[in-house]
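Dock chain B against the given chain A, drawing on the hints supplied.
Protein chains: 2
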Amino acid sequence: MRIAVDAMGGDYAPELIINGAIQAVKEFNLDVVLVGDKAAIEKLLKKNQYSGSHIEIFPSSEVIEMDEPPALSVRRKRDSSIVRGIELVKRNEADAFFSAGNTGAVACAATLSLGLLTGIERPGIAIIVPNLKNISLIIDVGANIDPKPSHLVQYGIMADVYSRYILNKTNPSIGLLNIGEEESKGTDFMKETHALFEQSRLNFIGNVEGKDLFSGKCDCIVCDGFVGNVALKVSESLAETLMIFLKREIMSNFMGKLGAMFLRQSLKRIKKKVDYAEYGGAPLLGINGVVMIGHGRSNSKAVKNAIRFAAEEVERKVNDKILEGMKKI
Amino acid sequence: MRIAVDAMGGDYAPELIINGAIQAVKEFNLDVVLVGDKAAIEKLLKKNQYSGSHIEIFPSSEVIEMDEPPALSVRRKRDSSIVRGIELVKRNEADAFFSAGNTGAVACAATLSLGLLTGIERPGIAIIVPNLKNISLIIDVGANIDPKPSHLVQYGIMADVYSRYILNKTNPSIGLLNIGEEESKGTDFMKETHALFEQSRLNFIGNVEGKDLFSGKCDCIVCDGFVGNVALKVSESLAETLMIFLKREIMSNFMGKLGAMFLRQSLKRIKKKVDYAEYGGAPLLGINGVVMIGHGRSNSKAVKNAIRFAAEEVERKVNDKILEGMKKI
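These protein sequence lines map, in sequence, to chains A and B. Under the working numbering, the first residue of the first sequence carries the number 9, and numbering increases by one thereafter. Under the working numbering, the first residue of the second sequence carries the number 9, and numbering increases by one thereafter.
So that you can see chain A by itself, here it is in the shape it has in the complex (with noise of 0.2 angstroms):
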């Protein structure tokens, strides 16, 4: 198993990349390709003592940054870490890609030079978040912001199999994210998604709202790329702004610093489990080839995370059982 890693990609590139690549390829049974500045990843792979056989470089010359426009500068840069990285996947030299750069060139060059798996219209990003009862996989948080009702039900076939193959659940269920429960809520385009699911063969068990994101009433949701990445950052902002507000209040009185003293332990296991990195990365799914897309503040244990999701994702052969999800819809 080779996964190919963007050295460059990510707030912390190269650093905590390399350093997660390490741990990765420690842990794991795998070998991992960083590319990007050679120089830059020796010399770092050095500091870190790292002198094995599981990592290799594959040397490239250009960086697509975070705010770069990404059909564009997937055109233009030909060299760049993102597109090379593809390109290993394409000659079969990696079985995966993990990139935590910018997200829409990342997209936007597997979709281009690896293409999308038949019957698939768009990729859709698929993130895992915490819910109340377990976990949920939220599909599509940002690839696709202007898609049709077809390509949201087979967002619901590709988080169908990603739940059944990678998070291990069994018949899962599939909520429409909407603004009301009844079949009736919602824009001319929710009504006419919905009936689609409806005839679909998946366990589709209708609309949910904002609020199930995290009461855990579904295995999976689907919603359109806009509104999922509106809703996917307002959450972590919030979580962000909670846990501001609560540091404030504590450092503010005696009572408050004894109190979180007590509490550390307690904090420390919550903030693992709202913790992006415990899962690394975010899959794009519908792509023929198995591609991460990580948060743009990936830190070495994300990295680490998400190369090993990464392999699963190979190993269970999880585009296949997209495919043959795509034949019975």
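Hints in this document: simulated from the structure, not taken from any laboratory. Where hints are given, some of them may not hold.
The list treats identical chains as interchangeable, and a pair is accepted whether it falls inside one copy or across any two copies.
Only pairs whose alpha carbons sit at most 25 angstroms apart, straight line, appear in this in silico PhoX-like list of lysine-lysine [as the list claims (entries may be wrong)]:
id, residue 1, residue 2
1, Lys-55, Lys-34
2, Lys-265, Lys-156
3, Lys-255, Lys-225
4, Lys-335, Lys-177
5, Lys-219, Lys-309
6, Lys-265, Lys-54
Just chain B, lined up with the frame of chain A:
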């Protein structure tokens, strides 16, 4: 000042609605007309030992339930507390109306009966949320789920006015909720809306992202009602989920319980900060009349504060200011 209050709407109606109304007339210089089941209201007023002259009852025999289809129920239930309450405003027998009942029905009855302010094409529901610096206003969170770009600019004008005259902000800044900050981001709808805002006289700061709902980056956030509704419900749900995680952790071990004792005051202050009951209701803006919508779960404090904010909206002539704002676009 006379505020009509739907005594029958909300999860805790009529009990907590009536408690809130009693608190409001005791604390503020205003009268309340309770609309609903006369016998039930009289019984609760008696139970609460209220015998003053600041509360009147306007009897109505029907109730629009939370899950009834708005337009249909408003048409059929002519003697419902929502329809009757709105009519009191229409006939100038009340200055404003508050309901914690079926939001869609309130919006529908208000639009049909009172009409819209000149130049406003759709009403919008605005909510106030705490952020890291202060508070911000988000509009629309569900009245208009399939808006045109012009509707969003009108929401911007209403948000500007409400922030100035109710939230006491000087030259409030307005952001458009999108999936990235660059003006090239988002759907064609978002780009068109962005261009319209650029041409307006509003203090438009451009696109903002989901993370900015709580960052305090701008005073007002404008969004389409579908996205706003999802964002609102996601936020509520996440805040509750994190609190449940915290409680579970705390109760699972001795150190946690001990820490929580010391932290009780800090947690109370945070709860107060993020408690929607502090503002009580969400103004339905754009209506030719003052209408305030409460959370289904409104408690007596929320009802009391919603009545206060409705009275302030009347006193500070928010609708006149919106009409002036519309002339200056």
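Hint by hint, here is what the structure shows:
For a Cα distance limit of 25 angstroms, the shortest separation of Lys-55 from Lys-34 inside one copy, 16 angstroms, qualifies, whereas the shortest one across copies, 71 angstroms, does not. For the homomeric pair Lys-265 and Lys-156, neither the shortest alpha-carbon distance inside one copy (52 angstroms) nor that between copies (50 angstroms) is at most 25 angstroms. With identical chains, the CA atoms of Lys-255 and Lys-225 are at most 25 angstroms apart between copies only, with a shortest distance of 20 angstroms across copies and 31 angstroms within one. In this assembly of identical chains, Lys-335 and Lys-177 lie within 25 angstroms of each other by CA distance solely inside one copy; the values are 21 angstroms within and 58 angstroms between copies.
In this homomeric assembly, Lys-219 and Lys-309 come within 25 angstroms of each other (Cα to Cα) only across copies, at 23 angstroms, whereas the closest approach inside a single copy is 29 angstroms. When the C-alpha separation of Lys-265 and Lys-54 is checked against a cutoff of 25 angstroms, the pair qualifies neither within a copy, at 41 angstroms, nor between copies, at 47 angstroms.
The structure shown violates the earlier hints numbered 2 and 6.
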